[in-house]
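Below, each chain spelled out in residue letters.
There are 2 protein chains.
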Amino acid sequence: MIESDIKIPTTRNAITTFNMIIEAALEKFYEGGYHGTTIQAITQHAGVAAGTFYLYFPSKMSLYKHILITLSHNIRKEIASKVALKETRLEKEREGIKAFVQYVQQNPQMYNVIWESLYIDRGLFKEYYESFARRYVKGLSHAQAQGEIDTLDVEVTAYVLMGITNFIGLKVLLDLGENNEDLEHIIDSVMMLLERGLFTRK
Amino acid sequence: MIESDIKIPTTRNAITTFNMIIEAALEKFYEGGYHGTTIQAITQHAGVAAGTFYLYFPSKMSLYKHILITLSHNIRKEIASKVALKETRLEKEREGIKAFVQYVQQNPQMYNVIWESLYIDRGLFKEYYESFARRYVKGLSHAQAQGEIDTLDVEVTAYVLMGITNFIGLKVLLDLGENNEDLEHIIDSVMMLLERGLFTRK
Numbered sequence: 075m076i077e078s079d080i081k082i083p084t085t086r087n088a089i090t091t092f093n094m095i096i097e098a099a100l101e102k103f104y105e106g107g108y109h110g111t112t113i114q115a116i117t118q119h120a121g122v123a124a125g126t127f128y129l130y131f132p133s134k135m136s137l138y139k140h141i142l143i144t145l146s147h148n149i150r151k152e153i154a155s156k157v158a159l160k161e162t163r164l165e166k167e168r169e170g171i172k173a174f175v176q177y178v179q180q181n182p183q184m185y186n187v188i189w190e191s192l193y194i195d196r197g198l199f200k201e202y203y204e205s206f207a208r209r210y211v212k213g214l215s216h217a218q219a220q221g222e223i224d225t226l227d228v229e230v231t232a233y234v235l236m237g238i239t240n241f242i243g244l245k246v247l248l249d250l251g252e253n254n255e256d257l258e259h260i261i262d263s264v265m266m267l268l269e270r271g272l273f274t275r276k
Numbered sequence: 075m076i077e078s079d080i081k082i083p084t085t086r087n088a089i090t091t092f093n094m095i096i097e098a099a100l101e102k103f104y105e106g107g108y109h110g111t112t113i114q115a116i117t118q119h120a121g122v123a124a125g126t127f128y129l130y131f132p133s134k135m136s137l138y139k140h141i142l143i144t145l146s147h148n149i150r151k152e153i154a155s156k157v158a159l160k161e162t163r164l165e166k167e168r169e170g171i172k173a174f175v176q177y178v179q180q181n182p183q184m185y186n187v188i189w190e191s192l193y194i195d196r197g198l199f200k201e202y203y204e205s206f207a208r209r210y211v212k213g214l215s216h217a218q219a220q221g222e223i224d225t226l227d228v229e230v231t232a233y234v235l236m237g238i239t240n241f242i243g244l245k246v247l248l249d250l251g252e253n254n255e256d257l258e259h260i261i262d263s264v265m266m267l268l269e270r271g272l273f274t275r276k
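Protein chains in written order, with this note's numbering: chain W, 75 to 276; chain X, 75 to 276.
Each hint should be verified, as a subset may be incorrect.
Because identical chains share one entry, a pair is satisfied inside a single copy or across any pair of copies.
[Said to hold, decoys possible] Calculated pairs, EDC-like style, for lysine to aspartate or glutamate (alpha carbon to alpha carbon, straight line, at most 16 Å):
| no. | residue 1 | residue 2 |
| --- | --- | --- |
| 1 | Lys-212 | Glu-252 |
| 2 | Lys-151 | Asp-256 |
| 3 | Lys-166 | Asp-195 |
| 4 | Lys-166 | Glu-201 |
| 5 | Lys-166 | Glu-258 |
| 6 | Lys-212 | Glu-222 |
| 7 | Lys-166 | Glu-222 |
| 8 | Lys-200 | Glu-252 |
| 9 | Lys-200 | Asp-249 |
| 10 | Lys-134 | Asp-195 |
| 11 | Lys-172 | Glu-258 |
| 12 | Lys-156 | Glu-169 |
These aren't lab readings, by the way, just hints derived from the structure by calculation. Just so we're clear, the structure is a prediction, and the values are computed from it rather than from any experiment.
Excised from the complex, chain W in its bound form:
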């Protein structure tokens, strides 16, 4: 678990200010990157006094970690709520991929925020994906115990599915290649591979 060391505000005014700082940071990080953004640039963009920042965040790193934790929490909650409505693992995978891509479309800065951890602190990147994978492994192990899936290694399978989902999300978000408006068709193609494999049977 990535640890947070921020001070969560409690009054309405403080919460507003806190959220303004986070919104401003998201925009500035997206524009100029973490290393290219100063605390002063964030407070200026948020329209708050420079000292206000330190009421909540000991450092720029704390703010970044808070953003990463929040994003991670929101993605999982979003996917989990959609996936819970489905019965079979097959339906759950389909719904999970779709929920992820739609989340990405609504939060285009997502990859920038997560992958920037590679440059800020590799441990954060590692922890982000490992904790995502741990939850995935749980679901896949359950499906395997139920005889719904058949895999040599559930953990490798979790990373395979995360890789697929992340690259389909990138394709749609950045409009890589063709036909990115038809999300159902894209997901049909992915699911056909997950259902039958890629190679024809001899």
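Given the coordinates of chain W, assemble chain X onto it according to the supplied hints.
Positioned in the frame of chain W, the structure of chain X alone reads:
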């Protein structure tokens, strides 16, 4: 195609200096990121005079693009040379994944260099993956015409396979989760999914 605007050196001394600048830049970018690295820091680290940089590179961006083009070229050459030795598409996929992961292990800064294009110029990121995908699509289309694979959309399949390969590479490189020393087992797990699909048949 990402365009380069650098001056390629021709004399032995100039080539040595040129390569020293590139090596130094790779290290500095890996440490502090593109935005966090100045041209001065690069020339200092390379042990060359500040003005030397401009003999070859009009800007830091030109240097970064050159590194990205070179990396892209090297990965493809490496994979292509290994894959060419295999007959079937199934063997080619297996070999391609393995060659990619081994390349990553020998060039641990690879993800940092490529993904940093998201923060430097999204067009570069887009072009990098689109041109990788175009080549992949060619190979997959050929395999489909030969009846070796069966897919709804070869382009989506290219991104699926790129996603799998990239995340397996990340898992091994950053030691995400367990059992990352046994590359053959990891690739066996991936290939089982590509051969049979993930879900059991009713």
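- Give me the numbers of the hints this structure contradicts, sorted from smallest to largest. Hints 2, 3 and 4 contradicted; others consistent.
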